[in-house]
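Participant: Sequence:
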Amino acid sequence: MVVPVINFSKLDGTAAERAETMAQIDNGCEEWGFFQLVNHGVPKELLDRVKKWPSKPPEFKETMREYRAALRGLAERVMEAMDENLGLDKGRMRRAFTGDGRHAPFFGTKVSHYPPCPRPDLITGLRAHTDAGGVILLFQDDRVGGLQVLRGGEWVDVQPLADAIVVNTGNQVEVLSNGR
Numbered sequence: 090m091v092v093p094v095i096n097f098s099k100l101d102g103t104a105a106e107r108a109e110t111m112a113q114i115d116n117g118c119e120e121w122g123f124f125q126l127v128n129h130g131v132p133k134e135l136l137d138r139v140k141k142w143p144s145k146p147p148e149f150k151e152t153m154r155e156y157r158a159a160l161r162g163l164a165e166r167v168m169e170a171m172d173e174n175l176g177l178d179k180g181r182m183r184r185a186f187t188g189d190g191r192h193a194p195f196f197g198t199k200v201s202h203y204p205p206c207p208r209p210d211l212i213t214g215l216r217a218h219t220d221a222g223g224v225i226l227l228f229q230d231d232r233v234g235g236l237q238v239l240r241g242g243e244w245v246d247v248q249p250l251a252d253a254i255v256v257n258t259g260n261q262v263e264v265l266s267n268g269r
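Everything in the sequence shown is counted per my numbering, starting at 90 for the first residue and increasing by one.
What the hints contain is simulated information worked out from the structure, not anything from laboratory work. Possibly wrong hints are sitting among the right ones.
Stated by the list, open to error - Capping the alpha-carbon separation at 25 Å, the derived lysine-lysine pairs in BS3-like fashion look like this: (1) K99 - K133; (2) K133 - K199; (3) K150 - K140; (4) K150 - K133; (5) K99 - K150; (6) K140 - K199; (7) K199 - K99; (8) K179 - K141.
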């Protein structure tokens with residue numbers, strides 16, 4: 090079993106490519122709750138700059154501003170695809186997280202870096218859990234695995250891919266989609 094890998098640029102391709110991409114997103118959401126996006130539109134150069142944090146603190150604020158805007162745009166496109174797959178009005182997912190604009194923005198950014206473990210033989214990882222949020226964008230180190238998804242009672246490794254973004258549909262999306 091392999092967590093679905095989706096070429097997100099094909100969402101803007103031919104009608105057949107778009108339909109196939111939408112079906113892949115639907116499968117990733119409904120069958121896995123996870124999928125990986127490649128060719129997602131977030132510039133590689135920007136991803137590389139974020140990885141250099143915090144070597145240049147004065148410039149990093151602008152890098153993070155750019156990064157946050159790019160990720161927010163990507164999250165909104167993913168939610169629009171989910172809206173369409175679920176037969177919802179365009180923007181319904183986004184509005185669910187903002188209270189139709191009456192509340193603070195729905196989008197947060199967290200950057201974490203974990204140093205190498207001096208005793209990897211002792212690593213047990215995090216306990217099994219679900220994420221309470223809506224659409225969670227995760228970035229794995231493409232050389233170090235560890236992220237796993239529980240599917241059908243079996244733990245499946247999420248294969249790290251260079252410059253891919255892992256999309257995790259959280260508990261709030263499960264509620265909004267009535268379990269889909």
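Participant: For a quick check of understanding: which of the numbered hints are violated here, in increasing order?
Facilitator: The structure breaks hints 5, 7 and 8; every other hint is satisfied.
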